[in-house]
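Given chain A, put chains B and C in place with the hints provided.
If you're matching them up, the sequences are chains A, B and C in order. Last residue of the first sequence? That's 283 in our numbering, and every number before it is there in order. Last residue of the second sequence? That's 139 in our numbering, and every number before it is there in order. Last residue of the third sequence? That's 178 in our numbering, and every number before it is there in order.
Certain hints may be false.
As the list claims (entries may be wrong) - Pair ranges (Cβ atoms, derived): (1) L260/A <-> R26/B: 45 to 55 angstroms; (2) A61/A <-> L170/C: 36 to 46 angstroms; (3) L170/C <-> Q21/A: 54 to 64 angstroms; (4) P130/C <-> V39/B: 47 to 57 angstroms; (5) G139/C <-> E154/A: 25 to 35 angstroms; (6) E33/B <-> L170/C: 19 to 29 angstroms; (7) E53/B <-> Q21/A: 50 to 60 angstroms; (8) Q21/A <-> P134/B: 25 to 35 angstroms; (9) L135/C <-> R184/A: 21 to 31 angstroms; (10) M70/B <-> L170/C: 44 to 54 angstroms; (11) L135/C <-> T142/A: 16 to 26 angstroms.
Please keep in mind that the hints were generated in silico from the structure rather than gathered at the bench. This structure is a prediction, so every number in the text was calculated from the model and none was measured. Here a beta-carbon is modelled for each residue, glycine too, at the ideal position from N, C-alpha and C.
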Amino acid sequence: MTLATTSFDWVRQLVHKESAIVLQPGKEYLVEARLLPIARSMGLPDVGKLVDAVRGRPDPDSTRRIVEALTTNETSWFRDGDPFTALTSTVLPALVAARGPNEPLKIWSAACSSGQEPYTIAMLLEDALPNAATRVSITATDLSREMVERTRAGRFSQLEVNRGLPAPMLVRHFTRAGNEWEVAPALKRMVTASECNLAAPALPRMGPFDVVYLRNVLIYFDLSTKQAILRRVREVMRPDGWLFLGAAETTLGVDDSWERVVIGRSSAYRPLKGA
Amino acid sequence: MRRIVSQILEGLGYEVRDAGHGREALDVLEEGWVPDLATIDWNMPVMDGLQFVSAVRSNPAWRSMTMMMVTSESEHTQIVRALAAGAHEYVIKPFTADAIRDKLALLGLLPEEALL
Amino acid sequence: MTTFDTGERRRAGDSRPVISELIDEPTVQAIAEDAWIALVGEDEILVPLPGELPADPVSSWVDVVGPWTGSVVLSTGSQTAAELTRALLGDYAPELLEHEDVADAFGEIANVVGGNVKAALPGPSALSLPEVGNPPALRNPADVVRIDVLWRGQPVSISVQGALPPLPVAHS
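Bound-form chain A, shown alone (with noise of 0.2 angstroms):
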């Protein structure tokens, strides 16, 4: 049953704002796919119920949910780049200067979706640190279960490894299985993956983390979650720790505890002395 053109359009303005993705028209098709299984998991026969569903009573699992299936092939390592390059140039040395030699590292993936970000940090810190793999821990959690399970796999497609993951970096930590391309053993053993909703009432037992990468998803939420996300996030942090957003996103206006720091063209933040 193919799409209406009502619902087609509302999936591509609710994508377009939240992603900036444009779907082009003709891809009823791509959205009729890639949104069946959502609709199947939430009980309803068809794309077209669940758009009246998500439409009639927004919800940001929803939201997030269907924009994510919709962008998926979009998803890259080192997205938007500074994020990533302050934690080796900026965090980490400040981090190794403030902690024991064998202090543990703790970081938080807090929305890592289907491994990369994660994975991406852990390569990252492999390179930079020589006891990465005993003194750093990367906690990778996710709403949906699917996501966890395939960044505890840590198994990425052809089309996948091509997106922003610089080709040494592929050949260090990747190994070949079958067509695809799986994390070395090493940077696994860094990561633990787990589900998360950020938007519960509290968040399991966690951290306290040195670094919280929070990127793309304080968009899916009104103003007064984003605030309790944010202050139960500053709560599983170090006093001293680092917080990362999206490249769009800020803690300006939402929450005055935080300090802002540029590091090349990105901002992290931390927390507040005293707030």
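Using the frame of chain A, we list chains B and C on its own:
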């Protein structure tokens, strides 16, 4: 399929010339037209991509040129060989236009217009 | 995993694998799908259903030489090959397609599919330049992995086939 890659690069703001194999490409360089970027397939008649990369590397006059393999050759050992021979980046076919864009962004080689 | 009773007995140290021991249909399908997404279009679907190839199919292939040696052969009708070419070239497709355009495009698909099949096999292996025309004959029916799909309702087959004839059967 030079046309496809040329099209992508032109879309990103590049001025593009193409060659059918490594020997033809060396001829262009020897004429004095040394580009900022070369995208290079592996399997070509007369002179293949790996030979071309080695030839470029051995000439100091062409050091400024970034070399990016774009090829269906995707065995781990081959990527290692290409990088060791002097290629800076490696795009595995099949690739999308965004993949090329991402790699160029990483290399700092996106013409300014593309950043808008 | 399917097995074929060809009468061959595998001897210790016999290092001639058949392709079905090295790759399976779902992997070839996934490789083809990725190739189609990138080359033909993001929402292209390859339906794994057999269809009858027309009487005069067009084939393109690449040869793989390594621990396993053979060819990766794509076959489809000439109309389909032309349609694939137009889809690949997009805005650059000329009004009138020359044979060279089709050979170039259809050969490139074989290059991309073949290169990825090769990378899923134990290596190192060499990949030939693509060819278009009369494909290599099927030398050993026991050394083939083949998928038949429908693209926009039109049949396309991808055959990963060994170059070596079967070993002679020992008779007592």
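Checked hints:
A C-beta distance of roughly 46 angstroms is found between L260/A and R26/B, which places it inside the suggested range of 45 to 55 angstroms. Checked against the given bound of 36 to 46 angstroms, the beta carbons of A61/A and L170/C, roughly 58 angstroms apart, lie outside it. Checked against the hint of 54 to 64 angstroms, the C-beta distance between L170/C and Q21/A comes to roughly 57 angstroms, which is consistent with it. At about 32 angstroms, the beta-carbon gap between P130/C and V39/B misses the expected band of 47 to 57 angstroms.
Separated by about 44 angstroms at the C-beta atoms, G139/C and E154/A break the suggested range of 25 to 35 angstroms. Here the CB-CB span from E33/B to L170/C is close to 45 angstroms, at odds with the stated 19 to 29 angstroms. Between E53/B and Q21/A the Cβ separation comes to about 53 angstroms, which falls inside the hinted range of 50 to 60 angstroms. The hinted window of 25 to 35 angstroms between Q21/A and P134/B holds, with their beta carbons roughly 31 angstroms apart.
A beta carbon spacing of about 23 angstroms between L135/C and R184/A agrees with the range 21 to 31 angstroms that was offered as a hint. Hint check: M70/B to L170/C, Cβ distance near 31 angstroms, so the stated range 44 to 54 angstroms is violated. The hint said 16 to 26 angstroms for the Cβ distance between L135/C and T142/A, and at roughly 48 angstroms that hint is violated.
Comparing the model with each earlier hint shows violations of hints 2, 4, 5, 6, 10 and 11; every other hint is respected.
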